[in-house]
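Asker: As a plain string of letters, each chain reads:
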Amino acid sequence: MMSKEVIVRVFDIVGGPLCVSAEDGQRVHDKIVPLLREGTKVVLSFEQVETLISAFLNAAIGQFYGEFPEERIRELLTVRDMDEDDMAILKRVVDNAKKYFSNPKAFDEALREEMGHDEE
Amino acid sequence: MIHYLQTIHSDQEGYERLAELATATDKLGASRLELDCSRVRFFDANMAAPLGAVLARVADRFNAVEIVSMPDVVERVLRKNSFLTQFRYQPMEDDYKTTIPFRRFQKADEGAFEDYLQRHLKGKGIPSMTEGMGKVFKQKLFEVFQNAVIHSESELGIFVCGQFFPQKQKLDLTIADAGIGIRDAVRRYFQDKKIASVPAIRWALEEGHTTKKGKQPGGLGLKFLHDFARLNKGRIHIVSRFGFYEFREGTESFAKMTGDYPGTVVTLEVNTSDTSAYRLASEVAAEDIF
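Residue numbers (the working numbering), protein chains in the order written: chain F, -8 to 111; chain A, 3 to 292.
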C-alpha cells in the first residue's frame, strides 16, 4: 500500500517569505515531526520563500538527523520549489548535521583542539 | 563623567578606542556621560553601529548620555545616517544617497531588518551586482543578524549601520551587539574559563563549530560569510571582546586587542563591482540532498 503524501508549505508555517530565524525553523520542524513519526511522506515546499539561511535550516531540517535514522529521512522527506543556491545550502546543512549526530561525543572531542590561554 | 573620544576608523585602532570608552564607563551608574568629540577628526560612518552598542550599555545602567563638541564634518556624517538623532540632534538630508542609516533592532525584528535592507541597499551599487549576488549578500547579512540573536544573550538589541562608497565601488555594513562575546560562549561550551578571545574566534570560524548545545546542529553561518567574501574579494572584520579578526585579499589575520570590546561586531565590506555568478556549489539534485 502506498503511504499518503503531505505537502508542507514552509511559507504558510513561517507566515511569509523570510526563513531567517532558528525560531521559525523550529516551528517548521515541530510541524513535520509528527508526520514523520507516523510514517507519512512529507514534501517540503519552499514556494514563495525568498531568503533562507543555515540557522533556519539547522532547526527545521538539520535536527531530524538526531531523531530519525538517515534512511528513514531519505525515504520520507523530499524538498521542492527550491532554487539551486538554496539547495546547495541545504545540502551543506544536511551533511553537517549527519556529521554532528553520527557521534556527537566524538564530534565534540574533535572540536576541542588546542585553545590559547592568553591572559585577559 | 567626561570621556574624550578620538578619531574612529573602521579598523583595529578604532575598536580599541571604543573598548577604551566601554572600560572607562563600565562602573558608571545612574549618572551622566558627556562624550566630548572635540578630538574626533574623522569617523567612519559604519562605526556608529558599535559606538551605538557601547552607548546603549551605558544608558542601560540609568545614565544620561550626551554627545558634545563634535566637529562639523563629523557631525554631518552622523546626522545624515541618523545616529545623532537619538541624542537630540536634528536629522540631515543625505543628498548623495550613500548613507545606510544607523538602526537599532530588537532580536525578533527580522522583518524590520528585511525592510531596512530592501530600502537602504537599493541604489547603493546593488544594481551593478548580479541578482544572484544581491541575494547571497542579503543571506549573509541575515546569517550574521541571526548569530547575534542566538548567541549575544543581550536584550539591548542589534545595532546596524553602513556606508556606500560609489567611487571605490564598495559597501560596508556593520552589525554589532552588546552581548557576552564569542569568547564567553566558547568558554562555557568547553567549561574552560581561561580560553582567550583570539582562539575563541578562530575556533568559531571553523565549519561545523557551534556553541549551541542540544538538538540543533550549527556552525555554518560564519563559514558561509567567509566563502562569500573570498568569492567577492570583499573584506570581513570580526571584533569580539579582546579579539580582532580580518579577512582581506584572501588572507586571514588575527590580533589581540589591548581593550575589551563588550560584545561582538561583524563588518562585511562587499565589492559592488563584482559580477560573479555565485553558484555556491556544483548543481545539487533534490533527490541527493538527504
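Misleading hints may appear alongside valid ones.
[Claimed, not checked] Covered by chain A, according to a simulated footprint, are these stretches of chain F (three or more residues, beta-carbon under 8 angstroms):
{"#": "1", "region": "21 to 33"}
{"#": "2", "region": "36 to 48"}
{"#": "3", "region": "57 to 65"}
{"#": "4", "region": "70 to 78"}
{"#": "5", "region": "85 to 91"}
[Claimed, not checked] Here are the simulated DSBU-like pairs of lysine-lysine, each with C-alpha atoms no more than 35 angstroms apart in a straight line:
{"#": "6", "chain 1": "A", "residue 1": "LYS235", "chain 2": "A", "residue 2": "LYS29"}
{"#": "7", "chain 1": "F", "residue 1": "LYS32", "chain 2": "F", "residue 2": "LYS90"}
{"#": "8", "chain 1": "A", "residue 1": "LYS29", "chain 2": "F", "residue 2": "LYS89"}
{"#": "9", "chain 1": "F", "residue 1": "LYS90", "chain 2": "A", "residue 2": "LYS214"}
{"#": "10", "chain 1": "F", "residue 1": "LYS89", "chain 2": "A", "residue 2": "LYS99"}
{"#": "11", "chain 1": "F", "residue 1": "LYS82", "chain 2": "A", "residue 2": "LYS29"}
{"#": "12", "chain 1": "A", "residue 1": "LYS225", "chain 2": "F", "residue 2": "LYS89"}
{"#": "13", "chain 1": "A", "residue 1": "LYS258", "chain 2": "A", "residue 2": "LYS195"}
{"#": "14", "chain 1": "A", "residue 1": "LYS137", "chain 2": "A", "residue 2": "LYS99"}
{"#": "15", "chain 1": "A", "residue 1": "LYS195", "chain 2": "A", "residue 2": "LYS170"}
{"#": "16", "chain 1": "A", "residue 1": "LYS137", "chain 2": "F", "residue 2": "LYS90"}
{"#": "17", "chain 1": "A", "residue 1": "LYS124", "chain 2": "F", "residue 2": "LYS82"}
{"#": "18", "chain 1": "F", "residue 1": "LYS22", "chain 2": "A", "residue 2": "LYS195"}
{"#": "19", "chain 1": "F", "residue 1": "LYS32", "chain 2": "A", "residue 2": "LYS258"}
{"#": "20", "chain 1": "F", "residue 1": "LYS89", "chain 2": "A", "residue 2": "LYS137"}
{"#": "21", "chain 1": "A", "residue 1": "LYS217", "chain 2": "F", "residue 2": "LYS90"}
{"#": "22", "chain 1": "F", "residue 1": "LYS89", "chain 2": "A", "residue 2": "LYS217"}
{"#": "23", "chain 1": "F", "residue 1": "LYS82", "chain 2": "A", "residue 2": "LYS214"}
{"#": "24", "chain 1": "F", "residue 1": "LYS32", "chain 2": "A", "residue 2": "LYS217"}
{"#": "25", "chain 1": "A", "residue 1": "LYS215", "chain 2": "A", "residue 2": "LYS137"}
{"#": "26", "chain 1": "A", "residue 1": "LYS225", "chain 2": "A", "residue 2": "LYS215"}
{"#": "27", "chain 1": "A", "residue 1": "LYS214", "chain 2": "F", "residue 2": "LYS89"}
{"#": "28", "chain 1": "F", "residue 1": "LYS22", "chain 2": "F", "residue 2": "LYS(-5)"}
{"#": "29", "chain 1": "A", "residue 1": "LYS99", "chain 2": "A", "residue 2": "LYS109"}
{"#": "30", "chain 1": "F", "residue 1": "LYS90", "chain 2": "A", "residue 2": "LYS99"}
{"#": "31", "chain 1": "F", "residue 1": "LYS90", "chain 2": "A", "residue 2": "LYS29"}
{"#": "32", "chain 1": "F", "residue 1": "LYS32", "chain 2": "A", "residue 2": "LYS235"}
{"#": "33", "chain 1": "F", "residue 1": "LYS82", "chain 2": "A", "residue 2": "LYS99"}
{"#": "34", "chain 1": "A", "residue 1": "LYS217", "chain 2": "A", "residue 2": "LYS196"}
{"#": "35", "chain 1": "A", "residue 1": "LYS124", "chain 2": "A", "residue 2": "LYS170"}
Hints listed in this document are in silico derivations from the structure and should not be mistaken for laboratory results.
From the three backbone atoms N, C-alpha and C, an ideal C-beta is built for every residue, glycine too.
Asker: Okay, which hints does this one fail, numbers in order?
Answerer: Hints 1, 6, 8, 10, 11, 15, 18, 19, 30, 31, 32, 33 are the ones this structure does not satisfy, whereas the remaining hints hold.
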